[in-house]
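Engineer: Here's the letter readout for the chains.
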Amino acid sequence: MTVFQIILMGLLIICAVSVSFSKNLLNSILIYMSFSLVMSMLWICLESPDLAITEAAVGAGITSVLFFVTLKKIHAIDASEPEKEEEKENE
Amino acid sequence: MSRKKTAEEYQKTFAFRFFRWLSGEKDPYIGKVEMRPQKEYQPDQKAALRHEKEHDAIMDRVYDTEHNKWLYRFHRLYQATSILFCLFLIALLLVTISYLPPNGAVTRPVNNEVAVRYIEKGLEETGAVNIVAGMILDYRAFDTLGESHVLFAATITVLILLRLNKTEKDEAEVSDRRFEPKNDAILQLVATFLVPIIIIFGIYIILNGHLGPGGGFSGGAVIGAGLVLYLNAFGFKKTERFFTEKTYKWICFFSLSFYCLAKSYSFYTGANQLHSVIPKGTPGAILSSGLILPLNIAVGLVVACTIYAFYAMFRKGGF
Amino acid sequence: MGQNLFANYGEAVSAILFCIGFTNLLLQTNLIKKIIGLNIMDSAIYLFLAEKGYIAGRVAPIVVDGVTSTEAYINPIPSGLVLTGIVVSVSVTALMLSLTIRLYTRYHTLDLDEISTQLKREGK
Amino acid sequence: MNFICNFPFFSILLSLFSGTICSMLPAKTAKVVNRVVITAVGLMSAVLLLYLLSTGEPFIYWMGHFPAPWGNEIRAGVLEAGMALFFCMIMYLSMAGGAHKLPGEVVESKHSLYYILVNLLLSSLLALVYTNDMFTAYVFVEINTISACGLIMIRQVGRTIEAAVRYMIMSLLGSGLLLFGLCIMYDLTGHLLMSNIKESVRLIMANGEYQIPLIVAVALMCIGLCIKSALYPFHAWLPDAYGYSTVSSAAILSSLVSKGYIFLLIKIIYRVIGFDIFNNTRIIDVLFVFGLMGMIFGSLSAIKEKDIRRMIAFSSVAQIGYIYMGFGMGTQAGMVASIFHILSHAATKSLLFIAAIGLTDVSGGSRKFIDLTGAAYRNKWAGVAFTAGSLSMVGVPLFSGFISKLLFAQAAVQVEGKMLASLIVLGISTVLNAIYFMKTVLRIYATTDETSYTGITFRDMKAYAVTLVFFILLNVILGVSSQPVVNMIEQGLAMFA
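Protein chains in written order, with the working numbering: chain R, 1 to 91; chain V, 1 to 319; chain C, 1 to 124; chain F, 1 to 497.
One or more of the hints may lead you astray.
[What the hints assert, rightly or not] Taking beta-carbon pairs under 7 Å as the criterion, some of the chain C residues facing chain R (in silico): (1) Leu17; (2) Ile20; (3) Ile32; (4) Ile40; (5) Ala50; (6) Gly57; (7) Val59; (8) Val63; (9) Val64; (10) Ile74; (11) Ser79; (12) Val82; (13) Ile101.
[Said to hold, decoys possible] Each computed SDA-like pair below joins lysine to any residue, with the alpha-carbon atoms no more than 20 Å apart: (14) F:Lys101 with F:Arg459; (15) V:Lys69 with C:Leu110; (16) C:Lys120 with V:Asp56; (17) R:Lys72 with C:Lys120; (18) R:Lys72 with C:Leu110; (19) F:Lys110 with V:Asn165; (20) R:Lys72 with V:Lys53; (21) R:Lys72 with V:Leu164; (22) F:Lys198 with F:Thr281; (23) C:Lys120 with V:Tyr63; (24) V:Lys121 with C:Asn4; (25) V:Lys53 with V:Tyr63; (26) V:Lys53 with C:Arg121; (27) R:Lys72 with C:Arg106; (28) F:Lys31 with F:Val466; (29) C:Lys120 with V:His55; (30) V:Lys121 with C:Tyr107; (31) V:Lys53 with V:Pro43; (32) F:Lys439 with F:Thr331; (33) V:Lys246 with V:Asp184; (34) F:Lys304 with C:Thr29; (35) V:Lys237 with V:Ile186; (36) V:Lys169 with V:Lys69; (37) F:Lys304 with C:Leu110; (38) V:Lys169 with F:Val106; (39) C:Lys120 with V:Asp60; (40) C:Lys120 with F:Val106.
Hints in this document: simulated from the structure, not taken from any laboratory.
Beta carbons: idealized from backbone N, C-alpha and C, even for Gly.
The following block holds chain R by itself, in its conformation from the complex:
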C-alpha cells in the first residue's frame, strides 16, 4: 500500500508541475482534473472515503465544469470545436 501511495504522490507532483508549465489553458485544466482524481484515490488509501467522494464530485467534477465554462466565456477554447470535454465531464 505504501508503494502505491508513493506512486500516487509522485503523480500529484508531476501533475502540479505540468499544470504550471503547460502553455495551453485547456490542457492545464485537464491536467488539474487528473490531479483531483489522483488526490481522491490517495484519500481512499488514507482511509477517508468521505473525502474521496467529495473530492471526486467536487474537484474532478464541479470545479472543472466551472473552469470549462469560464474558458468558453473567455474564448480560450477554439470555437470550431464545441466543448466536448464539458459534457464528457458530467458523466
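Since the structure of chain R is already known, use the hints to place chains V, C and F on it.
Structural biologist: Chains V, C and F in isolation, oriented as in the chain R frame:
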C-alpha cells in the same frame, strides 16, 4: 475763510484721481497709452490635434511595457525574488516537517482524548454510524454552519458579478448557444439514461450520510452535476419549467433557515444544559442520529441548487 | 534537520505541492493559472491534514458491527476539517472564476498587470 | 447560567440568519432589517459589556452539547464585548453615512444583495471576536474575505473589479498560510481549541521538543494574518479597493475588516501561544520592522497622491503600520496602545471616508484635489468633520489620535533597543501625516471666486450631518475620556490570559 474745496476743484486733485483708480472706476491708462483691443481667443484645431497626438505619444512612451528597461528589470527581480522565496518556503517547510512527530504512529499528540471520545462515544452520543458525519454535524457543528454560509456568501458575490438584466441576458443566451449543436441526439439519449441514475445516486449519498461515507455536500454536488448534464443536453427551456431563480431562492432560503434554526435550538439547549427533545433513534437505521439526517438533506439541497446556479450564472448570467 | 523527514513523506509531498501552488499564484500572469495554483495549494494543505489523521493498519471511522474500540479506527477529526475546507475552496474558486469572466468581458485580457497599465493610462 | 451569557451566541446567529432572510426581501425592507440587526447586536453587546464589567469574570459558552475539547466554544470577556459594541457602532454609522450614495453607485436590483453581504460580514466579525476555536476562526475568516470582496466589487467599475481580484489573490495567499500554520499547530498539540492549545504549547516549550515547528507554525499564521490585514509590503490591493468602492464599503473595509484580522492575531498571541512565548520569538522584530516601514512609506505614498480617497486609503497603510509597531514592541503597554489605536483608527478613518464623499459631492463628483478647492464652504458639515478627522489623524489633543500616539510613545520609552527607532519613526510619520492632511484641509478651506458648483445646506442632508456629528463625538469621547477605555483594555487583556 473756508479751506473747503468745491466739487469741481476737488475733481482735479491727485487724491480724487488716486481713490478713483483704487476703486477701479477709472483706468489711468485709457487715453494715455497706445493700445489695441485683444483678439478674441479661437481654439486652434490643428494645435489641439497636435497636443492630443503628443499626449498620446507620451503616454505610449510612458506605458510602453514591452520596451521599458526598468519595468523589465523589475519583473525579472520580482520573478527571482518569488522563486527564491518559494524555494526558501519549501526548505523551511521540509525542515519543519522533519521535526514533526512521525507519521502513522499511535503516540502522536493528535491521537489524544479528543479522537478517543469521538470514536468511543460518538455512536452513543450522536447516533451516527459514520463518525465523521457525527463529528462535523454534531460535535463541531458551528464550523459546518459557517461553512454553509461561506457557500451562501460566494453565491451572493457571483450573483452580484454575473447577474444581468433582461435584455443583456437574452443577448448572452444567443451568444452562448451560437457554437453549440442544438438537440444533439447522442447526448440527449445518454442523458436520459444517466441523469436519473446520477440524481438517484446523489440522493443515496445524502440519505446515507450518517450511515456511510458521504453526506450533504458530496451528495448535493453529485445532484448538481446531474442537473448540469440535463441542462447541457436539453437546454435552458426545459429546465426553466421546473427550476427558476424563484425556486432556487425559496429552496435556499428554506434550507438555510432550517439549518440555522435547528442548530440554534441545539446550541441553545446544549449551552444552557437543557434537555433536547430531538430523539437519537436506533443507530444504523435510516431515521436515526437526531438532526444529522435533516441537516444533510438541507445542505444537499442548498449545494445542488447552488451548483446549478453557478453554472447557469456562468453560462448566461441568470436562470 | 530532524530525523523524521522520510517517515513524514506524505507531509513532505504536501509541502512541495503547497509551494508549487504558491509559486503559481505569485508568478503566473494568467488568472486561470493563478486560480489553478490556488486550488493546488488548498489541496496540498488538505493532504497534509489527512496524513495527520492516518494511522497505519486502521480503517475509516465508520462503525462496523458496533465495534467502538479506539484500536480499530483512524482519527476522524482531520477528515471533518478537510470536508469543511473543500467546501470553502470550491466557493472561492467559483468566485474567482466569475471575477475572471467579468474582467475579461471588460478588458479582453487575463493579465492583471496589463489591465493595471491600461487603467492607469486611461487615467480613471 | 445567566441569560445574558447567551448574548454572544444570539448576536452571531442573528446576523447570520438575517443574511439568509434578506435574500428574500426587497431592498427597502432589507435595509431596515440590516439596521435593526446592527442595533440589536450593538445593544446586546453593550448589556454584555456591563454584565462582564460587573462580574469581572470571562465566561465560556458551549456551542452544542459537548464541553471543552470536544465541541465548539465561544468565549466572552470585556475586550471581546467592547470590541463587538464598537464594531456595531462603526458599522451602523458607516452604513448610515453612505446610504444616500448607494442608489447612485449600485444597480437598484442589487441593493438587497449588498445588505446580505453586510449582515454576513457583521456575523463573521462577531465570530472572529468571540471564537475560542482556531478552525472556526478560519471558516469565519473566509466568510469575511468573501463578503469583503463582494463589498468591494458591488460598485462595478473596472477599477473595483481589478482591485477585487488583487484583494482575493492576496487574501487567499494569507488564508493558505494561516491554514497551514493551523494544521502544523494541530499536529503538534492535538487540539483546535485555543485554551487547550495554549496548555500544550506551554508543555512543548518546557520539554524543548518540537520547538522549531511550533515557531514556524506561529510565523506562518502571523504572516497570513499580516497579509490579510494589508501590512506594508502586502498592501498593493488596498488603494484601489478603498478608493473606488462605494463609500460605506470603503469605511467598513478600512475600519472593520482589517481590524477583525488584527483582533484575531491578538487573540492568537494571547490565547493560543501565550504572550511571553510570543515575545521570545524573533517574529515580533519582523512585525516591528514592517510596521515602521509601513508608517513611513504609507505616508509618503499618501503625500504623492492626487486623489483624496486614495490618499485616505494610503493613510490606512500607515496607520496599520502603527498597530503592528505596537505588537512589535513586545510589552503590555505596546499592546494596549495598539488596541487603543485599533479603536481610534476605526473611528477616524470611517469618519474621513464619509466626510470625503460629502466634499467630492459638492465638487461635481471629482476627487482630484484641484476641484476640491473651497469645498468646505459648500458643504460645511463635511468640511468640519474632515478637519476633525484630520486633526485626530495628525494627533492633536482632544482627539483620539493624540491619545494613541501618546500611548505609543509611552510604550516605546519602556522598551530597550527599540525606543529610539520607534520614537524617531513616530515623529517622522506624524510630520508626514500633518503634511498631507493639513494640505487637504487648507485646500478645502481655500477661497475661490469662481465656482460652478452649488453648495449644500443642512436641510438637504440631515441624516448625513447627524452621522458626522456622531462620528466626531465618538472621536472626541475617545480622546477626552481615554482613561476608562484604556482601563477596560487592560482589564480585557488580563482576562485573556
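Engineer: None of the hints should be skipped; say for each whether it holds.
Structural biologist: Hints versus structure:
Residue-level restraint check for leucine 17 of chain C holds (minimum Cβ-Cβ distance to chain R is 5 Å; threshold 7 Å). Among the interface hints, the one on isoleucine 20 of chain C holds; its C-beta lies about 4 Å from the nearest C-beta in chain R, closer than the 7 Å criterion. At about 5 Å, the closest approach between the beta carbon of isoleucine 32 of chain C and any beta carbon in chain R falls short of 7 Å, and the interface hint on this residue holds. Against a cut-off of 7 Å between C-beta atoms, the interface hint on isoleucine 40 of chain C holds, since the closest Cβ of chain R lies about 5 Å away.
Satisfaction of the interface hint for alanine 50 of chain C is found here, the shortest Cβ-Cβ separation to chain R being roughly 5 Å, below the 7 Å cut-off. Of the supplied interface hints, the one on glycine 57 of chain C is violated, with its beta-carbon coming no nearer than about 10 Å to a beta-carbon of chain R, more than 7 Å. Evaluation of the valine 59 of chain C hint against chain R yields a held restraint, the C-beta minimum of about 6 Å falling below 7 Å. This hint is violated: valine 63 of chain C has a C-beta 14 Å from the nearest C-beta of chain R, more than the 7 Å allowed.
With 7 Å as the threshold, the beta carbon of valine 64 of chain C stays out of range of chain R, its nearest partner Cβ sitting at about 13 Å, so the hint is violated. For the restraint placing isoleucine 74 of chain C at the interface with chain R, the shortest Cβ-Cβ distance is roughly 5 Å, inside the 7 Å limit, so the hint holds. Taking 7 Å as the C-beta cut-off, the interface hint given for serine 79 of chain C holds, the closest approach to chain R being about 5 Å. Hint status for valine 82 of chain C: holds, given a least beta-carbon distance of 5 Å to chain R, under 7 Å.
Checking isoleucine 101 of chain C against chain R by beta carbon gives a least distance of about 5 Å; that is within 7 Å, so the hint holds. A C-alpha spacing of about 17 Å is found between lysine 101 of chain F and arginine 459 of chain F, which places the hinted pair at or below 20 Å, so the restraint holds. Note on lysine 69 of chain V and leucine 110 of chain C: the hinted pairing is violated, with a Cα-Cα distance of about 23 Å set against a maximum of 20 Å. Taken as a hint, the lysine 120 of chain C and aspartate 56 of chain V pair is honoured in the structure, with Cα atoms around 13 Å apart against an allowance of 20 Å.
The straight-line distance between the Cα atoms of lysine 72 of chain R and lysine 120 of chain C is roughly 29 Å, outside the 20 Å bound, and the hint therefore fails. Between the alpha carbons of lysine 72 of chain R and leucine 110 of chain C the distance comes to roughly 14 Å, so the proposed pair stays at or under 20 Å and holds. Taking the CA atoms of lysine 110 of chain F and asparagine 165 of chain V, the gap is near 11 Å; set against the 20 Å cutoff, the hint holds. Simply put, lysine 72 of chain R and lysine 53 of chain V have alpha-carbon atoms about 38 Å apart, too far for the 20 Å limit, and the pair is violated.
Note on lysine 72 of chain R and leucine 164 of chain V: the hinted pairing holds, with a Cα-Cα distance of about 18 Å set against a maximum of 20 Å. Using a Cα cut-off of 20 Å, the hinted pair lysine 198 of chain F and threonine 281 of chain F holds, with the two alpha carbons roughly 16 Å apart. At roughly 9 Å between alpha-carbon atoms, lysine 120 of chain C and tyrosine 63 of chain V fall within 20 Å of each other, so this suggested pair holds. Distance check on the hinted pair: lysine 121 of chain V and asparagine 4 of chain C sit about 33 Å apart at the alpha-carbon level, beyond 20 Å; violated.
Distance check on the hinted pair: lysine 53 of chain V and tyrosine 63 of chain V sit about 15 Å apart at the alpha-carbon level, within 20 Å; holds. A C-alpha spacing of about 14 Å is found between lysine 53 of chain V and arginine 121 of chain C, which places the hinted pair at or below 20 Å, so the restraint holds. Restraint check: the Cα-Cα separation between lysine 72 of chain R and arginine 106 of chain C comes to about 16 Å, which is no more than 20 Å; the hinted pair holds. For the suggested pair lysine 31 of chain F and valine 466 of chain F, the alpha carbons sit about 18 Å apart, so the restraint of at most 20 Å is met.
Between lysine 120 of chain C and histidine 55 of chain V the CA atoms are separated by roughly 14 Å; this keeps the pair inside 20 Å, and the hint holds. Of the pairs offered as hints, the one joining lysine 121 of chain V and tyrosine 107 of chain C is violated, with about 57 Å between alpha carbons and a cut-off of 20 Å exceeded. Only pairs whose Cα atoms come within 20 Å are accepted, and lysine 53 of chain V paired with proline 43 of chain V is accepted, the gap being roughly 16 Å. Taken as a hint, the lysine 439 of chain F and threonine 331 of chain F pair is broken in the structure, with Cα atoms around 35 Å apart against an allowance of 20 Å.
A hinted pair counts as satisfied when its Cα atoms are at most 20 Å apart, and lysine 246 of chain V with aspartate 184 of chain V does not qualify at roughly 29 Å. A hinted pair counts as satisfied when its Cα atoms are at most 20 Å apart, and lysine 304 of chain F with threonine 29 of chain C does not qualify at roughly 28 Å. For the hint linking lysine 237 of chain V to isoleucine 186 of chain V, the alpha-carbon distance of about 19 Å falls within 20 Å, and the restraint holds. This hinted pair does not check out: lysine 169 of chain V and lysine 69 of chain V have alpha carbons roughly 45 Å apart, beyond 20 Å.
For the proposed pair lysine 304 of chain F and leucine 110 of chain C, the alpha carbon gap of about 29 Å is over 20 Å, so the pair is violated. Taking the CA atoms of lysine 169 of chain V and valine 106 of chain F, the gap is about 19 Å. The hint holds against a cut of 20 Å. Simply put, lysine 120 of chain C and aspartate 60 of chain V have alpha-carbon atoms about 12 Å apart, close enough for the 20 Å limit, and the pair holds. With a C-alpha separation of about 23 Å, the suggested pairing of lysine 120 of chain C with valine 106 of chain F is violated against the 20 Å cut-off.
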